[in-house]
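Chain by chain, the residues run as shown.
Number of protein chains: 6
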Amino acid sequence: MLNPNVETFLGCDCGYEEAEAVLFGAPFDSTTSYRPGARFASRVMRAESYGLETYSPYLDRDLTDRKVFDSGDLELCFGDTEQVLLDIEARASTILEDGKLPVMIGGEHLVTLGAVRAAFAKYPDLHVIHFDAHTDLRDDYLGAKLSHAAVIRRAWELLGDGRIYQFGIRSGDRSEFQWAKEGHTALHPFDFEGLAQTMENLSDKPIYFTLDLDVLDPSIFPGTGTPEAGGVGFLDLLRAIRQVCKGRVVACDINELSPHYDQSGVSTAVACKVLRELLLSLRL
Amino acid sequence: MLNPNVETFLGCDCGYEEAEAVLFGAPFDSTTSYRPGARFASRVMRAESYGLETYSPYLDRDLTDRKVFDSGDLELCFGDTEQVLLDIEARASTILEDGKLPVMIGGEHLVTLGAVRAAFAKYPDLHVIHFDAHTDLRDDYLGAKLSHAAVIRRAWELLGDGRIYQFGIRSGDRSEFQWAKEGHTALHPFDFEGLAQTMENLSDKPIYFTLDLDVLDPSIFPGTGTPEAGGVGFLDLLRAIRQVCKGRVVACDINELSPHYDQSGVSTAVACKVLRELLLSLRL
Amino acid sequence: MLNPNVETFLGCDCGYEEAEAVLFGAPFDSTTSYRPGARFASRVMRAESYGLETYSPYLDRDLTDRKVFDSGDLELCFGDTEQVLLDIEARASTILEDGKLPVMIGGEHLVTLGAVRAAFAKYPDLHVIHFDAHTDLRDDYLGAKLSHAAVIRRAWELLGDGRIYQFGIRSGDRSEFQWAKEGHTALHPFDFEGLAQTMENLSDKPIYFTLDLDVLDPSIFPGTGTPEAGGVGFLDLLRAIRQVCKGRVVACDINELSPHYDQSGVSTAVACKVLRELLLSLRL
Amino acid sequence: MLNPNVETFLGCDCGYEEAEAVLFGAPFDSTTSYRPGARFASRVMRAESYGLETYSPYLDRDLTDRKVFDSGDLELCFGDTEQVLLDIEARASTILEDGKLPVMIGGEHLVTLGAVRAAFAKYPDLHVIHFDAHTDLRDDYLGAKLSHAAVIRRAWELLGDGRIYQFGIRSGDRSEFQWAKEGHTALHPFDFEGLAQTMENLSDKPIYFTLDLDVLDPSIFPGTGTPEAGGVGFLDLLRAIRQVCKGRVVACDINELSPHYDQSGVSTAVACKVLRELLLSLRL
Amino acid sequence: MLNPNVETFLGCDCGYEEAEAVLFGAPFDSTTSYRPGARFASRVMRAESYGLETYSPYLDRDLTDRKVFDSGDLELCFGDTEQVLLDIEARASTILEDGKLPVMIGGEHLVTLGAVRAAFAKYPDLHVIHFDAHTDLRDDYLGAKLSHAAVIRRAWELLGDGRIYQFGIRSGDRSEFQWAKEGHTALHPFDFEGLAQTMENLSDKPIYFTLDLDVLDPSIFPGTGTPEAGGVGFLDLLRAIRQVCKGRVVACDINELSPHYDQSGVSTAVACKVLRELLLSLRL
Amino acid sequence: MLNPNVETFLGCDCGYEEAEAVLFGAPFDSTTSYRPGARFASRVMRAESYGLETYSPYLDRDLTDRKVFDSGDLELCFGDTEQVLLDIEARASTILEDGKLPVMIGGEHLVTLGAVRAAFAKYPDLHVIHFDAHTDLRDDYLGAKLSHAAVIRRAWELLGDGRIYQFGIRSGDRSEFQWAKEGHTALHPFDFEGLAQTMENLSDKPIYFTLDLDVLDPSIFPGTGTPEAGGVGFLDLLRAIRQVCKGRVVACDINELSPHYDQSGVSTAVACKVLRELLLSLRL
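Residue numbers (our numbering), protein chains in the order written: chain A, 264 to 547; chain B, 264 to 547; chain C, 264 to 547; chain D, 264 to 547; chain E, 264 to 547; chain F, 264 to 547.
Okay, chain A solo, but in the shape it has when bound (with noise of 0.2 Å):
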């Protein structure tokens, strides 16, 4: 008798029980303003994380020692973007209560509030690590509340000044920056200078770690939907996953790999390594 056929990110294969992590898949890109195409990430990096090893060098652990299921995507409908929060939310919630840590491949950076929400409900003092190459402050884009370019302000109404810590930020309407420097975020622009005294001061608070794919230069990430020239490099990028998983995240998700941009498939390969590097940093 044949078996199914089970498809998971590279090595995530444990049981949903004896999981410590979960991960699953956001694909929606509706209000992405530019270049949208976020939502075949997770469906590509399943698909060419077999490209890649289990076993990190960097770090020398490997991620059959760790215990992540793969939970597949959610099913979400394009064009309903309240809809779309509360499908994520409510499975961000669920991994949560169940007592694991959700780690979610997006889509658009919107998809990031759904997962907030979930996770600021179980955790009222929850601070947001926020790397990124645009500051997404915007109150409205052209109207819309809901846009990719305004999650991190609408995450910021939840928690409230003093909560949000952006790093690699180096572009944005000029108003956004200003907002911010009247101590709404702590905004660092440009890269990481900073993230290791913001870690300190966090200490054991809970953290939600958003990650925007495109923070990285376009030259090792051109797949992604706005490319932002002048951004961090690779190698400073997995520092500063590490920095940041030596503090207490209670959740987290990477997003906006358009991997239809990239035809050579290095986007792609970029987004699985910095996945597998995420799963083997987290305190599981």
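Calculated from the structure, these hints are not laboratory results.
As the structure is a prediction and not an experimental result, all values here were calculated from the model.
We put the beta carbon where it would ideally sit given N, CA and C, even for glycine.
Careful: at least some of the hints might be erroneous.
Restricting the straight-line Cα-Cα distance to at most 30 Å, the calculated cross-link-like pairs of lysine-lysine (BS3-like) are [claimed, not checked]:
(1) B:Lys-444 <-> C:Lys-330
(2) D:Lys-330 <-> C:Lys-444
(3) E:Lys-408 <-> D:Lys-408
(4) A:Lys-408 <-> B:Lys-408
(5) E:Lys-444 <-> F:Lys-330
(6) F:Lys-330 <-> F:Lys-509
So the derived label-pair ranges between C-beta atoms look like this [claimed, not checked]:
(7) D:Asp-328 <-> F:Phe-453: 57 to 65 Å
(8) D:Val-269 <-> E:Tyr-279: 55 to 63 Å
(9) C:Phe-453 <-> B:Leu-349: 52 to 60 Å
(10) F:Phe-453 <-> C:Phe-453: 35 to 43 Å
(11) A:Glu-360 <-> F:Ala-459: 54 to 62 Å
Which residues of chain D face chain C? A few of them, derived with a C-beta cut under 10 Å, are [what the hints assert, rightly or not]:
(12) Tyr-313
(13) Thr-317
(14) Tyr-318
(15) Asp-323
(16) Arg-324
(17) Asp-325
(18) Leu-349
(19) Leu-422
(20) Ser-482
(21) Gly-496
(22) Leu-498
(23) Asp-525
(24) Gln-526
(25) Gly-528
(26) Val-537
Since the structure of chain A is already known, use the hints to place chains B, C, D, E and F on it.
Chains B, C, D, E and F in isolation, oriented as in the chain A frame:
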């Protein structure tokens, strides 16, 4: 003194006042179910139309003899579908009220609903000629009533039975084909058989003509969200357009070019040539 | 509790026990003489099949009414050709022994040899219907007996004269055409002329049906290792598949999709639609 | 002792002395009005021709039985158009003086003018058979007399009325079609209708045969500078080539493959197959 | 009443009269020696610039505060190089005579010669700052004096020794490097070392600043005719631009984006960001 | 009389007799585990090398002063791995026996084994310098001993402990790293640290230098079968090559360019430049 840079679709450079037809772009694709990117169509078509001649040897007519004004693209909000439809309806209404014929370049197929609303407001006896690979008759798509897969169903809610004529259809859910057969629309599968008779029956009834370019075979039009093999040929389409335009077309659109999926540029060139032939065929 | 992520080809989700046909992928392309990449076909087809409907308006049948199980891909060793053929033969034999019909997704065309061996073991009176642009009748290719350019010659060694019927052939060495003419195979060049007569003659003989997708014209199927202009049309192919499936097909395959060579995705969409029509046409 | 690396188009490996036809490449595209890149055609065709067989089942002939020498590419100066035409004329003259038939691979269509000059010098009664999507009859293009859009007009200045026969034409300025109708050339629009009669009338007149590959439909030949939908099919073109080659072709060329615009490689494969069929059809 | 469709580079929408800087495109690439396509740069940059913000966090300045007019593209004749240079010179002269700063978007690098002629006519003491991967100092290229590989040599003929400062150079014929060393130009290989000193020495001398974007490493800028590994980084380039703009730049250009060779769009995004930073850095 | 078309890598046009180094291509990729296509490397590199200069400003040397012969590509049989290695060994042996230095262009990395065998036969004291992203130390890959993932392990079986020095390694199975640490090879992870010391220790020992180009970061070299982020920079690689070539390199290769995966052409340009610098650095 130097002039600003006015960009129009090939040869569509008369003034608004004297224009008989008015182009506008509706760059929207948030409800696309499979592969997005139709938002880029109007902009790319304007840019690439200079590779085409204004003269048609098929019709022995020249765009330089036509009075068409290109009013550019609407600025639409990705993620707020209802507002998008209102914006489209407003633009189409303005053009209709000024006694001109609106010619819309989508975007995904849902944009048609905004323009149909405007045309229906002016012409309560409106009929729809629909060229497409897909039925677009779903009642909803994953719960969303406003979806490109449901656009003709929404138009039917406005117009009622016996007003919609579909040609070239070769894909859909079984229930959609059955629903059509119950008499709600006249669904002609696979090709343009029956079009001549339809046009004769319609006599001088006001027609909204919506042309989903994926009615073409993907060999000649791969650059679309949901390519569906077994489509009509390019010359077949030109003939069918000429047949429809002998009727009283009061508004029209072409849609679903997703140019990034065809990096040879052929799909864009085809869309431009179809638009030229449409503009030259309309009774202005 | 969340479920693992089962990926199947569109609508092929019944259990193994009740299945009448069983899919499996054979991702192998080591002997490809010109452009490799057919190894990616089965995986990409599963991923992209969700862009297709389960319902066929050509046949008025629906995959949801069929009992097909997708057993995923074999794990094959690039570079050890003989072992690969053994692995394929084993999988096909298991399915045949369980009284089900194996449907293999290549891979390059050599994979057919493994499945033909299995079918021949069960059906000594086996006949082969072969759709292809290429003769595949070489005795060897640069010395290699096991090559995708020699696969039908190898099948002939097993089955003998008068058992193999080739259609659509438009490329090969002069000596291959001559060898066929000597009575070894029935080679019908260029198109499907003679297929109806062939199927009538075969009556209820057991048939292995091997469909090299490059029989299609490269305008509609560019994503293949050796594109060969002058091929058959998509609707011609559907008709021919239906003709073959009126016979007693006991095993079959489609092969030679090399998806990376067609970045528009059309070739993959075509392969998926061909497979859907094949699954709906088989006498199950 | 090892040999140097001689690269020829498929099977064109006889010595110069015994050759009856001589290939050469003219990599030039400086006057291309829309999308350049035809400069890469000859080099890419040589490299990719090994994916093709030397045997033609259409003609039952084999390139290994033909005496064709490939003399490689001219080194042409981008930006100095007149010198380029002189260099081409010199190469074609050498081949003609040696009693052989020159077969040129463009390059953009303007290169034809150099070879026509050479052929006209030897054959004052020269006639031209011209396959193309475009008229190429402009008197000038933005002031330039030497432009690929004016090449047939320039040839006409040399040859005069009644010498040029155009087929497949479907694009041009209105004035170009009118100028042709005034009796300067015999312009057959859209397809090859009238070719049989033309060839009969030409009897044994010396013919320069220039084949702009964009006469093909862009579904099968997207890799060209100015793709123009509505073209002829591949098998139609093969038939037309055979008809022309029954006449007394004294020199010929194929041109306007721009391989980078078709990353599937199909356009290059098509060009190679067309060249093979042309070489096998010529009266050598 | 609807307005015509005015397309400008991001935020360059003031009127001509009040403008301090004036953009224009020079879409020409006929003398490109390797891969053409720079003709598409200006048009594609305008279209894609809407993916960029007007605000620069590097400079804390905003394009909305600058007075820049975009006068669109010149209509240049491919194949008539001398006329092209005259047309460019005329446009640049008009802008200079009106007391504004011309900012040209190439096209291949030869277009610089036309603008340098105009600037030299007004500023006989003109100096040139040249960023490039290539020397561009050939006396001729295959006999052509007007070639993109000879453009700086042509500028030197106008300006004489000691007026030209080259940075980032990492490719050229041995004789070109030797010729520079003889004192004709100040050639700084590989990077921007020496730029600070150069700018200090130039004091308030009038400067023509020509920026061949292939000075960037091809990892971040693959979309160019002759990619040359080992280039400068993006942030290095921004710093160097700011240094140059502290001097008295009287005219400038960026050139050699060939967008079709980078289908990820990153090269175009980089060119747009470089132009934004240049416009924000100029002393207006 | 016209000459045949000899194609060589840039400037490698001396006669075999006088040559000091001899190039040959080994177009084979049948054992590639992830993405094939390295078979195309040597052919594409020859074709594209004309976009490069023969002069190196890094070394102030010129290929026109070197005596290198390009003997073209071997004709290898896809699917018969052992025969392929014999053919490669034979070619390398011929060159070595003639007192020249073989420089092989792969192909996947397994081709190295054939050349190492030849070099080891002549130099029993052979050492290997290995640049790569991957360990290539597997004992087998899915059972195959002859796999590109096992090539260095096979070389070790020949040479024994202490003979192999690996640099830049950042991917592999955990057991491979452990096996290396047991003293079988000197594995230097991530970069070239330790290379200077290694070269000093090797003194004048005979060296086989194998350079898997995927040691480069995929930002600058995306066109390879298994891109692995975090690689070395281009200038770092040039420096390391110069260091190795100060030693006594008796044979060498570069491998794993898979050009179709980088349609910008940058990866090919990089490979050509690396080969130029290697040829200029060797002690000839």
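These are the hints, each one checked on the structure:
In summary, the hint linking Lys-444 (chain B) to Lys-330 (chain C) is supported, as the alpha carbons are separated by about 28 Å, within the 30 Å threshold. Under the criterion of a C-alpha separation no larger than 30 Å, the hint pairing Lys-330 (chain D) with Lys-444 (chain C) is consistent with the structure, at around 28 Å. In summary, the hint linking Lys-408 (chain E) to Lys-408 (chain D) is supported, as the alpha carbons are separated by about 21 Å, within the 30 Å threshold. For the given pair, Lys-408 (chain A) sits about 21 Å from Lys-408 (chain B) by alpha-carbon distance, which is consistent with the 30 Å threshold.
At most 30 Å may separate the alpha-carbon atoms for a hinted pair to count; Lys-444 (chain E) and Lys-330 (chain F) meet this at roughly 28 Å. For a cut-off of 30 Å, the pair hint linking Lys-330 (chain F) to Lys-509 (chain F) stands: about 18 Å separates their Cα positions. With their beta carbons about 58 Å apart, Asp-328 (chain D) and Phe-453 (chain F) fall inside the hinted range of 57 to 65 Å. A hinted range of 55 to 63 Å holds for the C-beta pair Val-269 (chain D) and Tyr-279 (chain E), which are about 60 Å apart.
Look at Phe-453 (chain C) against Leu-349 (chain B): about 55 Å separates their beta carbons, and that is inside 52 to 60 Å. Look at Phe-453 (chain F) against Phe-453 (chain C): about 57 Å separates their beta carbons, and that is not inside 35 to 43 Å. Our hint of 54 to 62 Å for Glu-360 (chain A) and Ala-459 (chain F) holds, since their Cβ atoms are close to 57 Å apart. Against a cut-off of 10 Å between C-beta atoms, the interface hint on Tyr-313 (chain D) holds, since the closest Cβ of chain C lies about 8 Å away.
Because the smallest distance between the Cβ of Thr-317 (chain D) and any Cβ of chain C comes to about 8 Å, under 10 Å, the interface hint for this residue holds. At its closest, the beta carbon of Tyr-318 (chain D) sits 4 Å from a beta carbon of chain C; the interface hint therefore holds under the 10 Å criterion. Taking 10 Å as the C-beta contact cut-off toward chain C, the hint placing Asp-323 (chain D) at the interface holds, the least distance being around 8 Å. Against a cut-off of 10 Å between C-beta atoms, the interface hint on Arg-324 (chain D) holds, since the closest Cβ of chain C lies about 9 Å away.
Given hint, Asp-325 (chain D) at the interface with chain C, holds; its Cβ is 5 Å from that chain's nearest Cβ, closer than 10 Å. Given the 10 Å rule on beta carbons, the hint for Leu-349 (chain D) is violated: about 35 Å separates it from the nearest Cβ of chain C. The interface hint given for Leu-422 (chain D) is violated, since its Cβ lies 32 Å from the closest Cβ of chain C, which is over the 10 Å cut-off. Using the Cβ-Cβ criterion of 10 Å, the hint placing Ser-482 (chain D) at the interface with chain C is satisfied: the shortest such distance is roughly 4 Å.
Hint status for Gly-496 (chain D) relative to chain C: holds, with the closest Cβ pair at about 9 Å, below 10 Å. Interface restraint check: Leu-498 (chain D) against chain C, minimum CB-CB distance 6 Å, threshold 10 Å, status holds. Look at Asp-525 (chain D): its Cβ gets to within about 8 Å of chain C, closer than 10 Å, so that hint holds up. Interface hint at Gln-526 (chain D): satisfied, since its Cβ lies 7 Å from the closest Cβ of chain C, which is below the 10 Å cut-off.
Restraint check, Gly-528 (chain D) versus chain C: the minimum CB separation of about 7 Å is within 10 Å; hint holds. Because the smallest distance between the Cβ of Val-537 (chain D) and any Cβ of chain C comes to about 8 Å, under 10 Å, the interface hint for this residue holds.
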